[in-house]
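Chains H and D are the protein sequences, given in the same order. Residue 1 is where the first sequence starts when you use this note's numbering, and the numbers rise one by one after that. Residue 1 is where the second sequence starts when you use this note's numbering, and the numbers rise one by one after that.
Please keep in mind that the hints were generated in silico from the structure rather than gathered at the bench. Note that the structure is a prediction, hence the values are computed from the model and not measured. Each hint can be trusted.
Going by beta-carbon spacing under 10 Å, a handful of chain H positions derived as facing chain D:
{"no.": "1", "residue": "Phe5"}
{"no.": "2", "residue": "Ser7"}
{"no.": "3", "residue": "Pro34"}
{"no.": "4", "residue": "Ala38"}
These stretches of chain D come out as covered by chain H in the derived footprint (C-beta under 8 Å, 3 or more residues):
{"no.": "5", "region": "6-14"}
{"no.": "6", "region": "55-61"}
{"no.": "7", "region": "80-90"}
{"no.": "8", "region": "102-110"}
{"no.": "9", "region": "227-238"}
From the structure, some residues in chain D lie toward chain H, with a derived Cβ separation under 7 Å:
{"no.": "10", "residue": "Leu48"}
{"no.": "11", "residue": "Thr49"}
{"no.": "12", "residue": "Ala50"}
{"no.": "13", "residue": "Glu51"}
{"no.": "14", "residue": "Asp95"}
{"no.": "15", "residue": "Glu98"}
{"no.": "16", "residue": "Thr218"}
{"no.": "17", "residue": "Glu222"}
{"no.": "18", "residue": "Arg242"}
From the three backbone atoms N, C-alpha and C, an ideal C-beta is built for every residue, glycine too.
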Amino acid sequence: MSDPFVSRGFQGRRQRSESAQRLPPGQYLVESFPVLSAGPTPHTPLEQWDFTIVGEIDEPRRWTWEEFQKLPHESITKDIHCVTKWSKLDTTWTGVSLDTLLGDITTSADYVLAFSDGGYTTNLPLEDVTAGKAWIVDIYEGGPLAPEHGGPARLLVPHLYFWKSAKWVRGLRLLAEDEPGFWESLGYNNYGDPWKEQRYAGD
Amino acid sequence: MALIRARLAWQRATVLELIDETPRVRSLVLDAPTWQGYSAGQHLDVRLTAEDGYQTERSYSVSSAPANPHVTITVERLDDGEVSPYLTEVLRTGDQLELRGPIGGWFTWRPADGGPLLLVAGGSGIAPLMAMIRQKAALRSPVPVRLLYSSRAYDEIIFREELDQLVAAESELTVAHTLTRSQPEGWTGYSRRIDRAMLEEFAWAAAEHPLTFICGPTPLVESVATVCVEMGYAPERVKTERFGPTGGAA
Chain H
1 MSDPFVSRGF QGRRQRSESA QRLPPGQYLV ESFPVLSAGP TPHTPLEQWD FTIVGEIDEP
61 RRWTWEEFQK LPHESITKDI HCVTKWSKLD TTWTGVSLDT LLGDITTSAD YVLAFSDGGY
121 TTNLPLEDVT AGKAWIVDIY EGGPLAPEHG GPARLLVPHL YFWKSAKWVR GLRLLAEDEP
181 GFWESLGYNN YGDPWKEQRY AGD
Chain D
1 MALIRARLAW QRATVLELID ETPRVRSLVL DAPTWQGYSA GQHLDVRLTA EDGYQTERSY
61 SVSSAPANPH VTITVERLDD GEVSPYLTEV LRTGDQLELR GPIGGWFTWR PADGGPLLLV
121 AGGSGIAPLM AMIRQKAALR SPVPVRLLYS SRAYDEIIFR EELDQLVAAE SELTVAHTLT
181 RSQPEGWTGY SRRIDRAMLE EFAWAAAEHP LTFICGPTPL VESVATVCVE MGYAPERVKT
241 ERFGPTGGAA
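Between the sequences and the hints, there should be enough to build the whole structure, so can you do that?
Structure follows, in structure tokens:
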């Protein structure tokens with residue numbers, strides 16, 4: 001575009017500077033916790049729930065809900081950024097680090113595909129879910145994670161747009177080759193870095 | 001492998017017409033010369049820029065039929081909003097807007113996708129569903145459509161007259177309204193929040209294998225989607241989208 005664009009008569013509402021610095025480009029702050037899902041909320045009974053790691057791995061791993069509860073949990077406070085433009089600061093979660101779940105696994109994989117009840121998937125580089133960057137969380141703000149927010153457990157990868165933090169997550173498929181997930185096949189960015197505003201394919 | 005696609009570029013559009021749909025809702029008919037084809041149900045991003053360079057963005061569903069040459073968005077004014085008061089109160093015919101899109105490839109319907117369609121809307125959640133209804137009418141698609149539309153009050157029903165006209169003209173379109181807060185005298189529609197009894201009365205039987213689109217506030221979307229699954233609808237054919245106030249400033 002040649003001349004800089006100005007929206008006639010638009011003033012805007014700027015955030016306080018400390019909050020503004022934590023907002024990626026194009027995002028606005030919310031206090032609430034909006035719900036976005038592509039379909040009905042699944043309701044899997046806990047006795048039928050498990051978390052598995054499959055794919056490029058000699059022996060697939062599996063944890064029942066009871067076994068998952070016994071794994072070391074940690075508390076996490078992070079800002080989250082949804083591709084639909086809202087950001088929420090200082091959200092608090094409790095869950096199991098993927099470093100714990102992937103800890104002693106040897107794999108040739110460079111990518112993971114998270115899969116969920118209801119058929120949702122999302123893809124990530126393996127290095128984006130290791131070294132303290134991702135968790136399987138089952139507690140939000142001190143209470144059990146509500147079904148509409150992904151309970152009983154969801155993936156939390158807060159450095160990427162929030163669609164990567166798959167709700168109702170049931171496992172990870174370790175992959176040698178990248179494979180686009182649900183939204184990544186429907187026009188959204190394959191990686192989704194909010195600070196680079198990678199919302200859509202080609203961004 | 002992921003598809004390599006061209007970036008969706010920001011483009012300038014000119015406001016051709018402003019239509020006051022209800023006291024709180026305005027449609028913006030846009031002339032967007034570089035806007036590409038899209039599917040009913042998709043949305044676009046609007047970016048506003050202040051004189052000092054401050055920018056903010058929001059997403060709005062397209063309410064016009066893809067068959068219509070002018071893309072239209074339908075915006076509900078949120079009193080504590082940053083963008084919607086500008087779009088509904090400040091913006092004038094002839095002003096320019098920056099936008100990019102179309103966005104979203106899931107909550108979409110093309111006539112070839114078939115049906116029968118169950119559309120369930122709450123408030124301004126009607127916008128992407130109206131694009132589907134308008135597209136069906138424009139292309140004379142024979143796919144049967146049932147729309148169940150929840151509004152707070154009679155004068156808050158968006159597209160009421162147009163829906164009445166379409167129902168009169170289209171034998172395969174059925175519309176039921178429910179008014180949750182107040183009803184005019186002699187109201188013959190529903191007068192409560194959408195519930196299982198209402199859906200069992202109005203919606204398709206599961207055996208019809210319907211394709212369902214639900215758009216509105218989260219409690220409506222959650223409860224209607226849950227009832228659809230309980231009624232035996234295939235979950236992968238129940239598509240949802242949240243719309244309207246997020247509780248924050250939109």
